[in-house]
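Start from the sequences and build out the full structure, keeping to the hints where you can.
Here is how the chains run, residue by residue.
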Amino acid sequence: MAEIIQEEKGKSGGKKRPKKHLPHIDMTPMVDLMMLLITFFMLTTAFNKAKIMEIVLPEKIKDPTKQEAPRISASRTLNVILGPEDKIYWYTGNIKLEEYNNKPPAELLRVTDFSPTGIRQLLLDRNKTLARRITEFKQEVLSGKIPISQDSATSYVSKMKTDDDTGPIVLIKAYKEANYGNFVDILDEMNICGIARYTFVDIAWYEEQMVEKAAGITPTASASAN
Amino acid sequence: MPKIKLPTKSPRIDMTPMVDTFAVILIFLMLTTQMRQPEPATVDTPFSISEKPTPDFNTMTFLISQDDKVFLNFDNGPDTLLAFRPKALEEMGRRYNIEFTDKEKREFEKYPSSIGVSMQNMKEFLDSRDNNDRKALQEGIPIDSTDNQLANWIVAIRTVNPNVQACIKGDAETGFPVVKKVLDILQERNVNRFNLITSLEAAKINLEEIQQ
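Taken in sequence, the protein lines are chains S and C.
Here the first sequence is numbered in this note's numbering, starting from 1 and rising by one per residue.
Here the second sequence is numbered in this note's numbering, starting from 1 and rising by one per residue.
These aren't lab readings, by the way, just hints derived from the structure by calculation.
A couple of the hints might just be wrong.
[Said to hold, decoys possible] A short, non-exhaustive set of chain C residues, derived as facing chain S with CB atoms under 10 Å:
#1 V19
#2 I25
#3 L26
#4 K52
#5 E91
#6 F176
#7 R193
#8 I197
[Unchecked claim] Cross-link-like lysine to any residue pairs, in silico, SDA-like; alpha carbons within 25 Å at most:
#9 S/K60 x C/D68
#10 C/K52 x S/T162
#11 S/K87 x C/V155
#12 C/K52 x S/M160
#13 S/K138 x C/S199
#14 C/K110 x S/L43
#15 C/K52 x S/S158
#16 S/K60 x C/V155
#17 C/K69 x S/A50
#18 S/K49 x C/K52
#19 S/K138 x C/K52
#20 S/K49 x C/V155
#21 C/K180 x S/I72
#22 S/K176 x C/A172
#23 S/K49 x C/A41
#24 C/K52 x S/I217
#25 S/K176 x C/E139
#26 S/K60 x C/L31
#27 S/K213 x C/E173
#28 C/K52 x S/P116
#29 S/K176 x C/E173
#30 S/K176 x C/L31
#31 C/K181 x S/W90
#32 S/K161 x C/L200
#33 S/K49 x C/T33
#34 C/K52 x S/R120
#35 S/K176 x C/N148
#36 C/K69 x S/P84
#37 C/K52 x S/K176
#38 C/K180 x S/L43
#39 S/K87 x C/P177
#40 S/K60 x C/I185
For clarity, every value in this text was computed on a predicted model and none was experimentally measured.
Beta carbons: idealized from backbone N, C-alpha and C, even for Gly.
If you want it as structure tokens, here you go:
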């Protein structure tokens with residue numbers, strides 16, 4: 001307590017005269033109350049606002065007879081499959097049927113993970129030119145060599161991405177045991193590495209089976225039904 | 001030599017400056033605070049490097065919990081006078097032949113967090129006064145192909161507010177199939193642009209790494 005109010009011992013016999021001094025208000029309960037309110041507000045406040053990551057998926061082809069899926073070159077295609085237990089399986093180009101039948105899955109599918117030396121290194125290796133240009137540009141903007149506003153810098157980067165025709169085309173697929181965190185992580189890696197072209201597509205039956213073989217999972221009923 | 005006896009008096013601390021400081025902090029917190037709404041399911045969002053803030057209005061948020069339940073939250077838009085929420089509920093009621101009273105609509109409008117109640121239980125949910133009863137009814141919106149209420153909700157919300165953006169808030173541990181299902185339902189309704197709600201995490205690549 002800040003103050004202990006002591007009782008004044010009045011002189012016996014003498015005439016009691018009220019002492020003249022400023023009225024003093026004890027602030028301690030007010031401080032207590034404010035502390036309580038501050039604690040309450042601090043606990044309920046959401047300081048950092050959640051961020052969003054935008055993703056645009058290609059329109060679903062509703063009538064396959066009228067519309068054909070866009071064709072992309074196999075040499076630039078990188079297939080990334082999100083596997084169980086935070087693993088990533090990947091292969092380039094496409095897989096032919098005889099290859100699928102004859103080769104062991106370890107040769108067809110390569111495995112990596114979400115560490116910076118894993119998928120990020122792989123994507124950067126394939127996206128060298130563009131990633132370097134974007135990173136250099138961003139550094140020059142940061143160091144003030146190029147006076148440019150934030151908005152125009154963003155649009156310049158997206159233009160660089162549109163003009164690029166050397167980087168990989170990444171097709172992201174998800175095995176059914178992958179989780180949502182993996183999905184966000186892989187999209188995040190695309191943004192970090194400045195991949196110009198990537199999309200999310202459905203996993204094919206043979207890819208599902210390859211993942212199962214590679215991961216040593218016994219295929220389930222739903223997988224064989226596909 | 002006689003000792004000088006000082007009168008013993010308890011020290012008095014002047015609390016006024018402390019009160020002033022606290023008042024300033026308190027006012028600051030009160031003005032900046034946005035009350036954290038208790039969500040029907042706890043969700044730890046995954047991390048990303050994206051720095052775009054969540055839009056304040058014109059959003060419909062799909063909350064996907066770890067146990068594969070889907071909850072829906074949508075706001076009134078920039079002008080709360082437009083009151084999209086009760087209109088969307090009315091639209092849904094029309095589809096399911098449920099007539100909602102004005103009181104129920106008001107209750108729906110001011111419900112602060114995500115809703116995961118099937119239309120069959122909606123009336124009971126809105127009429128109930130007890131929070132525990134309400135919690136028990138939050139079983140997630142049905143997304144089966146036989147009774148795809150989520151799809152109807154999407155259509156109803158977009159009918160009343162065409163500018164709405166889809167946000168997905170999932171737990172990092174949520175299994176992917178249910179997320180895929182929600183994405184598919186949205187894509188079937190021609191929603192192809194999604195905002196995934198994440199928490200910020202710094203990640204950087206340096207030039208040396210690329211030049212290797």
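Verification of the supplied hints:
{"no.": "1", "hint": "V19", "result": "5 Å, holds"}
{"no.": "2", "hint": "I25", "result": "6 Å, holds"}
{"no.": "3", "hint": "L26", "result": "5 Å, holds"}
{"no.": "4", "hint": "K52", "result": "5 Å, holds"}
{"no.": "5", "hint": "E91", "result": "24 Å, violated"}
{"no.": "6", "hint": "F176", "result": "4 Å, holds"}
{"no.": "7", "hint": "R193", "result": "5 Å, holds"}
{"no.": "8", "hint": "I197", "result": "5 Å, holds"}
{"no.": "9", "hint": "S/K60 x C/D68", "result": "24 Å, holds"}
{"no.": "10", "hint": "C/K52 x S/T162", "result": "21 Å, holds"}
{"no.": "11", "hint": "S/K87 x C/V155", "result": "37 Å, violated"}
{"no.": "12", "hint": "C/K52 x S/M160", "result": "20 Å, holds"}
{"no.": "13", "hint": "S/K138 x C/S199", "result": "23 Å, holds"}
{"no.": "14", "hint": "C/K110 x S/L43", "result": "23 Å, holds"}
{"no.": "15", "hint": "C/K52 x S/S158", "result": "16 Å, holds"}
{"no.": "16", "hint": "S/K60 x C/V155", "result": "17 Å, holds"}
{"no.": "17", "hint": "C/K69 x S/A50", "result": "21 Å, holds"}
{"no.": "18", "hint": "S/K49 x C/K52", "result": "10 Å, holds"}
{"no.": "19", "hint": "S/K138 x C/K52", "result": "17 Å, holds"}
{"no.": "20", "hint": "S/K49 x C/V155", "result": "28 Å, violated"}
{"no.": "21", "hint": "C/K180 x S/I72", "result": "24 Å, holds"}
{"no.": "22", "hint": "S/K176 x C/A172", "result": "15 Å, holds"}
{"no.": "23", "hint": "S/K49 x C/A41", "result": "18 Å, holds"}
{"no.": "24", "hint": "C/K52 x S/I217", "result": "39 Å, violated"}
{"no.": "25", "hint": "S/K176 x C/E139", "result": "23 Å, holds"}
{"no.": "26", "hint": "S/K60 x C/L31", "result": "45 Å, violated"}
{"no.": "27", "hint": "S/K213 x C/E173", "result": "24 Å, holds"}
{"no.": "28", "hint": "C/K52 x S/P116", "result": "23 Å, holds"}
{"no.": "29", "hint": "S/K176 x C/E173", "result": "13 Å, holds"}
{"no.": "30", "hint": "S/K176 x C/L31", "result": "45 Å, violated"}
{"no.": "31", "hint": "C/K181 x S/W90", "result": "24 Å, holds"}
{"no.": "32", "hint": "S/K161 x C/L200", "result": "23 Å, holds"}
{"no.": "33", "hint": "S/K49 x C/T33", "result": "11 Å, holds"}
{"no.": "34", "hint": "C/K52 x S/R120", "result": "22 Å, holds"}
{"no.": "35", "hint": "S/K176 x C/N148", "result": "21 Å, holds"}
{"no.": "36", "hint": "C/K69 x S/P84", "result": "21 Å, holds"}
{"no.": "37", "hint": "C/K52 x S/K176", "result": "29 Å, violated"}
{"no.": "38", "hint": "C/K180 x S/L43", "result": "35 Å, violated"}
{"no.": "39", "hint": "S/K87 x C/P177", "result": "17 Å, holds"}
{"no.": "40", "hint": "S/K60 x C/I185", "result": "11 Å, holds"}
Violation of the numbered hints given earlier is confined to hints 5, 11, 20, 24, 26, 30, 37, 38; the remaining hints are satisfied by the structure.
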